[in-house]
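S.K.: Construct all of the structure, not just a fragment, from the sequences and the given hints.
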Amino acid sequence: MDFKSKLINWYSINKRELPWRKTKNPYNIWLSEIILQQTQVKQGLPYYVAFTAKYPTIFDLAAASETEVLKLWQGLGYYSRARNLHATAKYIANELNGEFPNNYKDLLKLKGVGDYTASAISSIAFNEIAAVVDGNVYRVLARYFGIDTPINSTTGIKEFKKLATQLIDTKKPDVYNQAIMEFGALHCKPKNPNCTNCPFETSCVALQKNSVETLPVKLNKTKVTTKYFNFLVCIDSENRILFEKRTHKGIWQNLYQFPLIESEKSLSSEEFQLLNIDNSLLKTLKFDYSLYNESDIVHKLSHQHLYTKFWIIEVNKLPQTAIPLDSITNYPTPVLISDFINHFSFK
DNA sequence: AAGGCGGGGTC
DNA sequence: GACCCAGCCTT
1 MDFKSKLINW YSINKRELPW RKTKNPYNIW LSEIILQQTQ VKQGLPYYVA FTAKYPTIFD
61 LAAASETEVL KLWQGLGYYS RARNLHATAK YIANELNGEF PNNYKDLLKL KGVGDYTASA
121 ISSIAFNEIA AVVDGNVYRV LARYFGIDTP INSTTGIKEF KKLATQLIDT KKPDVYNQAI
181 MEFGALHCKP KNPNCTNCPF ETSCVALQKN SVETLPVKLN KTKVTTKYFN FLVCIDSENR
241 ILFEKRTHKG IWQNLYQFPL IESEKSLSSE EFQLLNIDNS LLKTLKFDYS LYNESDIVHK
301 LSHQHLYTKF WIIEVNKLPQ TAIPLDSITN YPTPVLISDF INHFSFK
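Each residue of the first sequence is one higher than the one before, counting from 1 in full-length UniProt numbering.
Keep in mind the hints are simulated off the structure, nothing from the lab. Given the structure is predicted, the values throughout are model-derived calculations rather than measurements. Be careful, since some hints might not be right.
[Stated by the list, open to error] Label pairs and their computed distance ranges (CB to CB):
no.	residue 1	residue 2	range
1	154	335	30 to 38 Å
2	297	270	15 to 23 Å
3	262	171	54 to 62 Å
4	24	109	50 to 58 Å
5	297	273	18 to 26 Å
6	329	127	24 to 32 Å
[Stated by the list, open to error] Below, computed lysine-lysine pairings styled on BS3-like, alpha-carbon distance capped at 30 Å:
no.	residue 1	residue 2
7	245	223
8	265	24
9	227	209
10	42	172
11	300	223
12	162	209
13	221	158
14	223	172
The C-beta atom is built at its ideal place from N, Cα and C for all residues, glycine as well.
M.R.: In structure tokens, the structure reads:
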């Protein structure tokens with residue numbers, strides 16, 4: 001048996017039952033692929049279930065507000081995916097009369113759809129011969145062929161795409177693409193791959209050369225920056241609270257949070273008080289404040305470590321921009337904020 | 001070509 | 001801690 005046949009054979013025996021494998025509907029395939037970008041199946045699955053339940057068709061998704069979509073996306077991360085998902089849904093529903101682009105070239109034009117996702121949708125939903133190259137494919141091919149070209153270099157990207165295109169089963173591109181990804185996810189894993197019971201035991205170059213552990217090669221470690229966040233949890237006597245939208249570019253764009261003061265270091269209560277003398281928000285208000293967490297809550301993103309303090313500020317009356325405390329759970333927020341809301345006892 | 005963008009899981 | 005995940009976008 002050749003490479004593709006062994007892979008498809010392994011897949012037929014070992015594949016998981018997943019909801020997006022029961023359909024050829026491009027809307028559902030697209031939704032699953034966006035959710036699964038840089039996200040493991042276990043983490044993305046409940047979101048797929050929730051989205052298909054609330055938005056059965058692309059018209060339902062298009063009719064929603066961005067805030068509503070972000071709320072359902074809350075906790076999944078990489079929120080530009082949700083913003084692009086919603087924008088693309090509106091585009092397809094309104095400009096294309098709900099008719100999904102049906103080929104790689106046209107799919108690639110959609111917001112949030114790159115080479116991988118266009119290949120996945122066109123092959124799985126439309127049986128187009130377009131090879132997917134995701135993290136699993138890089139790993140499987142790098143090991144099987146013993147390729148040490150860095151997978152995130154320009155030459156590496158081209159080399160692996162070319163190889164994947166040569167290997168794809170042109171009769172069953174949909175099955176083949178899912179098979180190689182599933183094989184990478186379940187069998188040819190990053191750590192402790194199951195090499196002792198592998199259909200490619202005799203043909204895997206990395207296994208013969210004892211280089212399974214070192215492949216694939218990847219360059220450029222992301223450097224982590226540290227930031228200090230001070231959230232102002234301002235509550236008035238009418239149980240209203242300040243909550244605002246992060247409109248600027250950067251992390252958590254269009255999600256909501258308490259007013260934020262970033263500082264150069266972790267602040268003591270005295271330093272925080274000095275800071276507030278010049279704060280335009282608090283200048284005009286008489287208030288009492290206390291600190292929710294004595295030691296910083298450390299929220300780790302892939303590229304930022306956020307050392308966070310929540311300052312509880314009680315005032316008599318907040319401006320009209322404040323929202324009722326009861327409504328706070330309607331807004332999409334970062335996990336850092338929703339964790340606080342879930343643990344803090346509002347009076 | 002390089003860096004930004006989340007949160008959770010594994011070892 | 002380091003690394004990874006059905007990557008994409010901007011600069």
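S.K.: Each hint should be assessed against the structure and marked as holding or not.
M.R.: Now the hints, each set against the structure:
A hinted range of 30 to 38 Å holds for the C-beta pair residue 154 and residue 335, which are about 34 Å apart. Hint check: residue 297 to residue 270, Cβ distance near 20 Å, so the stated range 15 to 23 Å holds. Residue 262 and residue 171 have their C-beta atoms about 56 Å apart, which keeps the hinted 54 to 62 Å range intact. Under the hint 50 to 58 Å, the C-beta atoms of residue 24 and residue 109, about 21 Å apart, miss the expected range.
The hinted range of 18 to 26 Å is satisfied by residue 297 and residue 273, whose Cβ atoms lie roughly 20 Å apart. Against the hinted window of 24 to 32 Å, the Cβ-Cβ separation of residue 329 and residue 127 comes to about 43 Å, which falls outside the hint. In summary, the hint linking residue 245 to residue 223 is supported, as the alpha carbons are separated by about 27 Å, within the 30 Å threshold. Proximity of residue 265 to residue 24 is assessed by CA-CA distance (about 52 Å); at most 30 Å being required, the pair is judged violated.
Restraint check for residue 227 and residue 209: the C-alpha separation of about 44 Å exceeds 30 Å, so the hint is violated. Proximity of residue 42 to residue 172 is assessed by CA-CA distance (about 26 Å); at most 30 Å being required, the pair is judged to hold. In summary, the hint linking residue 300 to residue 223 is supported, as the alpha carbons are separated by about 13 Å, within the 30 Å threshold. Of the pairs offered as hints, the one joining residue 162 and residue 209 holds, with about 24 Å between alpha carbons and a cut-off of 30 Å not exceeded.
As the CA atoms of residue 221 and residue 158 are separated by approximately 21 Å, the hinted pair is consistent with the 30 Å bound. A distance of roughly 41 Å separates the Cα atoms of residue 223 and residue 172; the hinted pair therefore is violated under the 30 Å criterion.
When each numbered hint is compared with the structure, violations occur for hints 4, 6, 8, 9 and 14.
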